[in-house]
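**Q** Letter by letter, the chains look like this.
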Amino acid sequence: MTTAVPHPRHKLDELLQNPVRFSIIAALDRASTLSFKEVRDAVEITDSALSKQVSTLEAAGYLSVGKSFAGKMPRTSLTLTKEGRVAWRNHLATLREIAGSLD
Amino acid sequence: MDTHPALTPAEAQHLLDRADRLSRSAHDATRWPYIAFIVALGVATAMGTFAMALATGDAFGLAYVGTLAVAFALILFFVISIQGRAAFARSRRWTAYIASWFVTYAAALAVVIFAHGSVVLASVASGLILVVSFLCAAREARS
Numbered sequence: 001m002t003t004a005v006p007h008p009r010h011k012l013d014e015l016l017q018n019p020v021r022f023s024i025i026a027a028l029d030r031a032s033t034l035s036f037k038e039v040r041d042a043v044e045i046t047d048s049a050l051s052k053q054v055s056t057l058e059a060a061g062y063l064s065v066g067k068s069f070a071g072k073m074p075r076t077s078l079t080l081t082k083e084g085r086v087a088w089r090n091h092l093a094t095l096r097e098i099a100g101s102l103d
Numbered sequence: 104m105d106t107h108p109a110l111t112p113a114e115a116q117h118l119l120d121r122a123d124r125l126s127r128s129a130h131d132a133t134r135w136p137y138i139a140f141i142v143a144l145g146v147a148t149a150m151g152t153f154a155m156a157l158a159t160g161d162a163f164g165l166a167y168v169g170t171l172a173v174a175f176a177l178i179l180f181f182v183i184s185i186q187g188r189a190a191f192a193r194s195r196r197w198t199a200y201i202a203s204w205f206v207t208y209a210a211a212l213a214v215v216i217f218a219h220g221s222v223v224l225a226s227v228a229s230g231l232i233l234v235v236s237f238l239c240a241a242r243e244a245r246s
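Chains as they are written, first to last, in my numbering: chain Z, 1 to 103; chain H, 104 to 246.
Bound conformation, chain H alone (with noise of 0.2 angstroms):
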């Protein structure tokens, strides 16, 4: 006996656009405020890691304090927007982005304190930082 019901083409389109539109509407609603912060992240810590590595006496110290205080007004933010929603924070894809991001910048701070002064590794350091997030935020977006 045949239990499936029968399934004329037009429903089975209008159940793929369907499945679609819902699947974008739940990445999209609970994706921006990731997507934004790990863009805002890599802006501010590139821009903040590569005045450090050039910047000496109270501009290094105005360098530092700034990047922390963007770092820290950034972390506040994201806090609040994903609060009850913070599911995806948990997820592999999201730990694998902040791991990215974590090792880049650990090699510009590297170059901040070994080789201070370096116009060409603190372009390079930051410019790793800046494509590394640019990449991850992006790869988040179409996914």
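Only chain Z is shown next, with the shape it has when bound in the complex (with noise of 0.2 angstroms):
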């Protein structure tokens, strides 16, 4: 009896499925921390979807959302956790190995 091994496209991350949420991520691997609104340019979505889903990001872990002040001006900053960014280097590698079946 063989063992099937199975496709390497089940080791994704299902939240990072979404072209969405993968973009933010994306947007956020370098930099770490972004505003929302250099996230929003970088992804070029509107402020109620990227909204919609930072709260899912963040509900996972992925990311951290920081609120402040200037003057009375409130921001949002994104910060990308040790935790998204694990999940974030998992979904690469992953997507790598099937890449990799190109050559």
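Hints are computed from structural coordinates only; laboratory data are not their basis.
This structure is a prediction, so every number in the text was calculated from the model and none was measured.
Don't be surprised by glycine CBs; every beta carbon is placed ideally from N, CA and C.
The reader is advised that the hints may include incorrect statements.
Beta-carbon label-pair distances, calculated as ranges [what the hints assert, rightly or not]: (1) 85(Z) x 168(H): 42 to 52 angstroms; (2) 10(Z) x 174(H): 52 to 62 angstroms; (3) 226(H) x 82(Z): 37 to 47 angstroms; (4) 90(Z) x 219(H): 48 to 58 angstroms; (5) 19(Z) x 210(H): 41 to 51 angstroms.
Taking beta-carbon pairs under 10 angstroms as the criterion, some of the chain Z residues facing chain H (in silico) [as the list claims (entries may be wrong)]: (6) 17; (7) 19; (8) 22; (9) 23; (10) 26; (11) 31; (12) 35; (13) 41; (14) 77; (15) 86; (16) 88; (17) 91; (18) 92; (19) 94; (20) 97.
Anything over 10 angstroms on all C-beta distances counts as not near chain H; from chain Z, calculated [what the hints assert, rightly or not]: (21) 32; (22) 45; (23) 58.
Using the hints, build the complex out of the two chains.
**A** Here's what the structure looks like:
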């Protein structure tokens, strides 16, 4: 009897398969911390769409949301957490594994 | 039941390329004022403390006022440049850069105060400010 090796796609992170969430974490990968506006501009989506996906990622512990004030203006910052970075690295590693079968 | 959509190698490569592009563009679009600021601050304070360590009389006053003026101009430029995009300024990495610069700057000021006129010490202390600020800028540019 042979044991079938599961396809690497099964190791992909469910949350990061959503294109918007994928882009949010990609934008935060090098910078680590960005303001809400910076992420919105990088990902090119509306405030409400970003807000919805940020809540999902925050609930999963992938990013933390910081609130502060610059004068009277509220400022929101998004930071990739350690857990989020690990999930992102694993997701990218799996994608590389799948892409590797191109060679 | 398999709930994972099939992902071809070409699609996976496309996703990897997209992630890299997004990550780079988000980083580059937001970091240049920080990198420019840390380099300019390093150069200005290194030259200023070097001049102060060696100058006397009116020349010392000129070096002192000049350094202060440049430092304030840089801070003003920096604050205007990052308006509304200051999230990184509160990050641990940025705090480490500023702390590194401050420690070497304080050492250079100690040279100005306690070893005034020593070319060797002034060169070492000022050079250290340059090296530390360039290292911080390089680290940030490559991160």
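**Q** Taking the hints in turn, state whether each one holds.
**A** Checked hints:
no.: 1; hint: 85(Z) x 168(H): 42 to 52 angstroms; in the structure: holds (46 angstroms)
no.: 2; hint: 10(Z) x 174(H): 52 to 62 angstroms; in the structure: holds (56 angstroms)
no.: 3; hint: 226(H) x 82(Z): 37 to 47 angstroms; in the structure: holds (42 angstroms)
no.: 4; hint: 90(Z) x 219(H): 48 to 58 angstroms; in the structure: holds (57 angstroms)
no.: 5; hint: 19(Z) x 210(H): 41 to 51 angstroms; in the structure: holds (50 angstroms)
no.: 6; hint: 17; in the structure: holds (8 angstroms)
no.: 7; hint: 19; in the structure: holds (9 angstroms)
no.: 8; hint: 22; in the structure: holds (7 angstroms)
no.: 9; hint: 23; in the structure: holds (6 angstroms)
no.: 10; hint: 26; in the structure: holds (4 angstroms)
no.: 11; hint: 31; in the structure: holds (5 angstroms)
no.: 12; hint: 35; in the structure: holds (4 angstroms)
no.: 13; hint: 41; in the structure: holds (8 angstroms)
no.: 14; hint: 77; in the structure: holds (4 angstroms)
no.: 15; hint: 86; in the structure: violated (16 angstroms)
no.: 16; hint: 88; in the structure: holds (9 angstroms)
no.: 17; hint: 91; in the structure: holds (9 angstroms)
no.: 18; hint: 92; in the structure: holds (7 angstroms)
no.: 19; hint: 94; in the structure: holds (8 angstroms)
no.: 20; hint: 97; in the structure: holds (8 angstroms)
no.: 21; hint: 32; in the structure: violated (6 angstroms)
no.: 22; hint: 45; in the structure: holds (12 angstroms)
no.: 23; hint: 58; in the structure: holds (15 angstroms)
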